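Student: Line order of the protein sequences matches chains A and B. Under our numbering, the first residue of the first sequence is numbered 35, with each subsequent residue one higher. Under our numbering, the first residue of the second sequence is numbered 35, with each subsequent residue one higher.
Be careful, since some hints might not be right.
One copy or two, it doesn't matter: identical chains are merged, so the pair holds either way.
Mimicking DSSO-like on lysine-lysine, the simulated pairs with C-alpha atoms at most 30 Å apart in a straight line are [unchecked claim]:
no. : residue 1 : residue 2
1   : 162       : 191
2   : 143       : 191
3   : 143       : 162
4   : 48        : 91
5   : 91        : 143
6   : 91        : 163
7   : 162       : 91
8   : 191       : 155
9   : 163       : 143
10  : 155       : 143
Derived by calculation from the structure, the hints in this document are not laboratory data. What you are looking at is a predicted structure, and each value in this text was computed from that prediction instead of being measured.
2 protein chains.
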Amino acid sequence: MSQDQFETLLRFFKVLGNESRLKILGLLANDERSVGELAVLLDLREPTISHHLAAMKELGLVDVRAEGNNRIYWLNSQFLEGMSKDMFSQSNLATLVDDEETSTAWEDKVLRVYMDGNRIKQIPSKRKKERVILQWLADQFEMDRQYYELDLNEIIKQFHPDAAYWRRALVVEQFMARDNHNMYWRLPQSDV
Amino acid sequence: MSQDQFETLLRFFKVLGNESRLKILGLLANDERSVGELAVLLDLREPTISHHLAAMKELGLVDVRAEGNNRIYWLNSQFLEGMSKDMFSQSNLATLVDDEETSTAWEDKVLRVYMDGNRIKQIPSKRKKERVILQWLADQFEMDRQYYELDLNEIIKQFHPDAAYWRRALVVEQFMARDNHNMYWRLPQSDV
DNA sequence: CTTTTATTTAGATATATATCTAAATAGAAG
DNA sequence: CTTCTATTTAGATATATATCTAAATAAAAG
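Kindly generate the complete structure, drawing on both the sequences and the hints.
Tutor: Written as structure tokens, this is what we have:
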């Protein structure tokens with residue numbers, strides 16, 4: 035769903051999310067009406083009705099014709115049908131927000147909070163957050179390369195004093211693997 | 035459609051007619067989320083998100099469960115389906131407003147504007163309005179009774195000096211009938 | 001052509017509400 | 001039991017918007 039469609043849907047809800055306009059919709063569903071008639075029926079001034087009708091017209095919800103001095107408004111029922119059809123299917127809603135744009139925001143914040151430049155300020159108590167730090171930490175090592183445990187520790191110590199903790203965490207959370215000769219290497223991330 | 039249903043529909047539109055809440059809806063359509071996650075994704079403070087989620091929860095649009103300190107919100111997709119199904123059919127919308135309640139408002143206003151107590155202040159130039167006054171005028175005469183033209187004129191003169199004008203109008207607009215002996219009587223109104 | 005009527009436009013005001021900060025609450029971790 | 005973390009509640013503020021009055025417009029009626 036495009037940004038444009040999002041805006042349209044939002045405006046649709048905004049327009050109908052008003053008592054007076056929703057009543058107007060109900061009245062026009064019964065019969066076409068002039069501005070003055072609607073003003074009397076809703077007990078509001080003509081400019082107010084005019085203002086509401088303009089918003090509904092802009093959206094395409096109603097149409098107008100002139101009859102002498104009167105302007106007769108009626109419902110564009112096609113529009114409503116098109117709007118309701120499958121606007122609300124899960125798959126349609128799922129694309130309402132562009133997840134590409136926002137998906138790294140959470141991780142970025144975790145990094146900002148727990149990192150100070152290249153130093154890990156603190157070990158997150160939540161696994162989910164820790165995994166964000168672990169991903170960053172793993173990225174400090176080259177892919178397709180073997181590291182001795184001693185070298186691994188040295189590198190980690192640049193970022194945080196408790197190298198043993200992070201070394202084990204990297205393995206437990208499967209960012210890295212080790213063989214029985216104390217050699218370590220990065221594992222590809224499955225992304226889920 | 036009951037008043038209660040109107041309120042529900044109105045709240046539905048109000049809740050979704052907000053940029054932040056519509057985005058939340060889109061995000062939850064993809065996956066369940068905690069308050070904090072949503073706050074980061076939308077770049078808003080937790081209390082703001084909490085406030086929006088409360089509104090969505092109240093409506094029945096989302097559900098929550100606690101996971102430790104986190105509150106995980108997810109979409110009640112059944113609710114959406116039920117909402118969209120035939121909520122927008124013309125016949126459903128047509129009952130949004132109670133027309134019984136409002137149908138006499140227009141006539142009442144015309145009477146207020148053109149009448150001063152029992153005096154007709156002015157002859158409306160529009161036929162539609164004139165018919166409202168004529169209905170009132172006809173109601174000043176008894177049903178199933180014959181009036182001489184002279185008596186008719188006398189009665190009308192209590193309300194407006196131009197009795198001849200109103201006498202003719204009553205006949206033309208078929209609120210009353212006359213025979214060829216200058217006798218007048220009321221006609222039943224067909225209501226359409 | 002002047003007046004009346006219906007509507008729209010412009011501008012002012014009041015109400016609603018989206019958002020924030022600060023404080024309260026409640027569960028988790030140590 | 002104390003501290004930390006996520007969330008909610010309370011209250012303040014700023015923005016959005018619903019409504020009104022007054023003035024402008026345009027068609028109809030006289």
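Student: A separate judgement is required for each hint: does it hold in the structure or not?
Tutor: Structure-based check of all given hints:
When the C-alpha separation of residue 162 and residue 191 is checked against a cutoff of 30 Å, the pair qualifies only within one copy, where the shortest distance is 22 Å, while the shortest distance between copies is 89 Å. In this assembly of identical chains, residue 143 and residue 191 lie within 30 Å of each other by CA distance solely inside one copy; the values are 23 Å within and 84 Å between copies. Taking identical chains as interchangeable, the C-alpha atoms of residue 143 and residue 162 lie at most 30 Å apart only when both belong to the same chain, with a minimum of 13 Å there against 66 Å between chains. Taking the closest pair of Cα atoms, residue 48 and residue 91 come within 30 Å of each other both inside a single copy (13 Å) and across two copies (19 Å).
Within a single copy, residue 91 and residue 143 get their C-alpha atoms only as close as 42 Å, which misses the 30 Å cut-off; across copies the closest is 27 Å, which meets it. Proximity of residue 91 to residue 163 under the C-alpha cut-off of 30 Å is restricted to the inter-copy arrangement: shortest distance 27 Å between copies versus 49 Å within a copy. Taking identical chains as interchangeable, the C-alpha atoms of residue 162 and residue 91 lie at most 30 Å apart only when they sit on different chains, with a minimum of 26 Å there against 48 Å within one chain. In the homo-oligomer, the alpha carbons of residue 191 and residue 155 lie at most 30 Å apart inside one protomer (12 Å), although the nearest pairing across protomers, at 96 Å, exceeds that limit.
Taking the shortest alpha-carbon separations for residue 163 and residue 143, only the intra-copy value of 10 Å comes in at or below 30 Å, while the best inter-copy value is 66 Å. In the homo-oligomer, the alpha carbons of residue 155 and residue 143 lie at most 30 Å apart inside one protomer (14 Å), although the nearest pairing across protomers, at 73 Å, exceeds that limit.
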